[in-house]
Amino acid sequence: MADDINKDNLLEHISDIVNKYSESLKNTKDLASLNRLEISTLGRKSELTTILKQIKDLKDPQEKKAVGQQANFAKKSIEDLILKRRDSIKSDYLAGVESKEKIDVTIPGRRIETGHIHPITQMTQLCEDIFMRMGFDVCYPYAIDDDFHNFEAVNIPPNHPARDSWDTFWTEDDQIAITHTSSMQNRILTSSQPPIRVIVPGRCFRNEATDARHEHTFTQIEGVYVDKGINLTHMLGVLKEFFSKFYEREVDVKFTPDYFPFVEPGGMMSLSCILCNGKGCSVCKKTGWLEILGCGMIHPKVLEMANIDSNTYSGFAWGFGVERLIMLKYDINDIRYFYSGNLDFLKQF
Amino acid sequence: MLISHNWLKKYIPDLDDKVDKNKLAELLTESLAEVEQIIPIRQELDMIVCAEVVDVQKVPESTKLSLCKVITSQNGQQKTVVCGAPNVRAGIKVALALPGGQVIDGHSQNKTMMTIEQRELMNITSEGMICSARELGLSNDHEGILILETEMELGKDLSTILKDFVYEIENKSLSHRPDCFSHEGIAREIAAVCNLTFVDTYQDMPLVPSNKLPFELKVKVEKEVCPRFNAICIADINILPSPLWLQSSLSAVGVRPINNVVDIANYVMFDKGQPIHTYDYNKITGSKLIVKYAKNNEKAKFLNEKEYTLNDSMMVIANAENTENVAGIIGGSNSEISNKTRNIIIEAGNFNMYSIRKSSASLGLRTESSTRYEKGLDPSITIKGIKSVTGLVLDLAQGEIASDLIDYYPEPKLEKIVELDLTQVKRFLGIELITKDILNYLKRLHFKIAEEEKISALTSVPDSNIIIKVIVPTFRSDINIPNDLLEEIARVYGYSNINPSLPIKDLKATVPNIGMLFARKTVNTLSNLGFNEVLTYSFVGEKLYKSLNLDIKKCLAVKNPISPELGFLRNSLIPNLIEKTIQNSSKYDNLKIFEQGRVVFRETGEDKLHIQPNHLAGVVLSKNYDEILFFKIKGIVEKLFEELVIENIEFIDLNGSDLLKQSVHKGRSANININGENIGIIAEISPEILLNNLEIEGRIAFFELDATKLSQQSKYTKHFNKLSVYQESIRDLTLVLPSEIKYIQLVDNINSLDIKELLRIEYLDLFIDTKDNKEQRSITIRLVLQSFEKTLSENEINTILDLILSNLKNKLQINLKA
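Chains A and B, in that order, give the protein sequences.
Its first residue numbered 1, the first sequence is counted upward by one per residue in our numbering.
Its first residue numbered 1001, the second sequence is counted upward by one per residue in our numbering.
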């Protein structure tokens, strides 16, 4: 190998490299190919580097010097050429690039699809968050519960006519697809000490035919508040506070009597219509009020069935439907969309 | 329930002067029950007067028309009216619509109004029209003209009797208030709320028989089931049409007038709330009524002409031989009052609400009567009912009392006394009322206060215990405890006068629910991964399960489903999700959906409740047959576990007893174990099911996890791995695996060396080629090496690689691919 290395060979080789490279450089049209060319000519594994490494094998210091100078000169001149070529490629590219690349900005962007969270889940979370800020814990109901928890423990004994208000699905072994999330009330009251503040969001069932306004499956948020000195004004106040935070503005509430065996007094609570601010519109049927939930002061029997002394403690409870809030908020005309699995519906939320 | 405004005036004479009807509806809604609407009744009728027909002549050349002379006052001028009714005759009193007057067009279907004009008929000038019941809006009867009672005053403006408003009140909120299923009850409420004078017109007159028909009553049921039974016989009555006021009242509340006796019975029910039954005395075999239980499988036909099968828990009223009525629900046709009826028996009973409700439910028969009994009627009012009916029958159908008033009442109901601590008003309702007002509110609702004169400090808010004894009227069966009285006070005070306030509360922080945190994390992760959340019914059906080769018998059945498709409770989220996938598949080529919710198993736990864990399931559809969908969904599950910080995950061959075993691809299905516990399944749907049962193009893969168990495995907190400042080195190895060796064994083998510089192993690729007629499986893995002490040299890296390769070769016969 050492025999092949002589001054003339090397000098000739250097000159070849410079020629070959100058030729290639002219054909280099973009920065990427220029970079590749730079690596192949000046890089670790290039011919020029190899020559530079071989110089040390020349015996004659004069030759060493001559070849060294020539090689370094070649390297320097190639580097200069690259620099110039790079500048020229850049300026060629930049000249007019922006006008060439002008686009129609109104063409739609390419979307990255993410999934959508069901509006019932979103709305339930929103309600949970507001109630949690107000100091309520959250617990969830069973789907299938027994007669005691769904009915008897909330003061609806067997054969009571009030049972007609809850069209019930019964399982083959006489358990109940819960008709309301009040099914948890006795467990909540039994397992904790006042002050008790809990909400129970969950899926409920009513055995009724479905149409645009009725679903046999729906989501309810029930809540209970039991403490010393809790009175009717507090029930109105807490629910007014919730809905004012929910709608991000002050709403008025109105209580009208209705009969639920687990509360006394019991009634329906209405909100000042959020669409017309109580002036009267088609949504509130010109009344200015929207009936939104059932509520009342917890019946002493319900407290006593949970071993809470009704002479010392009092409380209130309520329940409202999540779907109704969503339908009001988005002006949805058919409740059956919620369980339809229709992606055209779900992807809008 | 319909309540007539005119009828209410019987109890509140100054109603019209004091409250406008819209205000009244508003007050009722705010204090009692929602008034759904105010319906105008016959408001457009005009210029209709009482006239007497004095002469009737046939109109020549007409087969139907009569020329009638009528007078509208005793000495007044005769008017000429042409009338086509067959029943017009001299001597009767009729409703005459005068020219310019308005009646309902008897020929129109939708009850449009028509104006009466003076007009020529067959060369005769007709000065008005004699009206039928339909033209007056009383009933649909248009066969002939309405004949008025002889007592009706000539020239009387009949529209004052006929015009009315009806309040439609929502029943549901009154299911504890049987007393309010009557005009008397609603009038009492209105008087209390509006602070008006309530006039009770009932007169408790003695009923003395003038002659006696044989009659006997026997009660053969427990006194709890039939607490009271009143009956009386009336002889020699005349069945006639009812007077106009009675027909008008009934038709206003939606009841068709029939004859005086039937109308009186209905009127008293709607007036006092006490259902009344009347029998044709002559049809009652043995002249006796027996209250007893029906025989099992006894067949009987009732007034609605339908046949029913009775059983021995149903209370019936029978004659000496046969069943006449189902007590409190429906009467029989045998003893129905007819035009020939001369002698009647009037019945006013009180029956147990639960018994009536049960019979009514098992017969599938609800009537005005059963609706009232089901609420628990007051036995004290039967006597009021029967005396009112008797009085009206004697008045309107003549006749005479023909038996004693039978009063079976083994255990008279007493007035209840409920004690109320007046300080509770402030404590429970949060309102400050002075004692005098509290007492007044109660008295306005007919409560009496015992020893009222002893109550002191009437004009201040009660602050120390003042306990009053409130005597509850018997009709208020719903008032039992002090809270019931507090509600009454609040209602009369007016809920709209009560201002909201917030309770003062402690600073106790709430504890986040583990299930909630878990659900929120999974929902967010999966939606970030492109999954859409759907919610499906908790119900499933046999057809759907069959299409997935699943056994519906493993699901808990619903006894009374809406439809067979919703006849069972889901034991997996997958079937409904597959159904939703298919429903969306025509529109979406690639879709990813998930659901989170409870499933229900047939098995029960210690608390006797069915085991019903929360499940989390996702389904992916792809129409690209080339990709192995299993790995796509496995990647999603692995990413989810990473986000939830769940470790020690194993994917193992599917358990033979897995619920979904029959639905899945046998070569692409696995169970997932975490810390050795099975928490779910991940699989592709069997190609045969896709092709033959679901007929869908593409592949479906899914995962289903027990979220309840999973949430307990989640650590929620991620842990931080310290970062090395030295360079990482990457080495890719392609290894040939013997056919029985799984990837996980390869990884475990390398990990077992516990090389501290080995940062991680990444899977890169799998390929299968054929060598010597044998399939050869090669896997390319990437080793990432890094030290915390220095940059690893080539030599050090090679030493590690040699160690790994020799161990793989020795233990698993895994070789580097040549």
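Be careful, since some hints might not be right.
Claimed, not checked - Derived pair list, reagent style DSS-like, types lysine-lysine, alpha-carbon separation capped at 25 Å:
1) K1021(B) <-> K285(A)
2) K347(A) <-> K1156(B)
3) K20(A) <-> K59(A)
4) K1010(B) <-> K1223(B)
5) K1508(B) <-> K245(A)
6) K286(A) <-> K1809(B)
7) K1340(B) <-> K1301(B)
8) K245(A) <-> K1358(B)
9) K301(A) <-> K286(A)
10) K1505(B) <-> K279(A)
11) K1413(B) <-> K301(A)
Said to hold, decoys possible - Here are some chain A residues pointing at chain B (derived, C-beta under 7 Å):
12) N155
13) K240
14) S244
15) G341
Hints in this document: simulated from the structure, not taken from any laboratory.
Cβ atoms here follow ideal geometry from the backbone N, Cα and C, with glycine treated the same way.
Status of each hint after checking the structure:
no. : hint                  : result
1   : K1021(B) <-> K285(A)  : 19 Å, holds
2   : K347(A) <-> K1156(B)  : 69 Å, violated
3   : K20(A) <-> K59(A)     : 28 Å, violated
4   : K1010(B) <-> K1223(B) : 35 Å, violated
5   : K1508(B) <-> K245(A)  : 21 Å, holds
6   : K286(A) <-> K1809(B)  : 84 Å, violated
7   : K1340(B) <-> K1301(B) : 21 Å, holds
8   : K245(A) <-> K1358(B)  : 46 Å, violated
9   : K301(A) <-> K286(A)   : 39 Å, violated
10  : K1505(B) <-> K279(A)  : 35 Å, violated
11  : K1413(B) <-> K301(A)  : 24 Å, holds
12  : N155                  : 11 Å, violated
13  : K240                  : 5 Å, holds
14  : S244                  : 10 Å, violated
15  : G341                  : 3 Å, holds
Of the numbered hints given earlier, the model fails hints 2, 3, 4, 6, 8, 9, 10, 12 and 14; all others are met.
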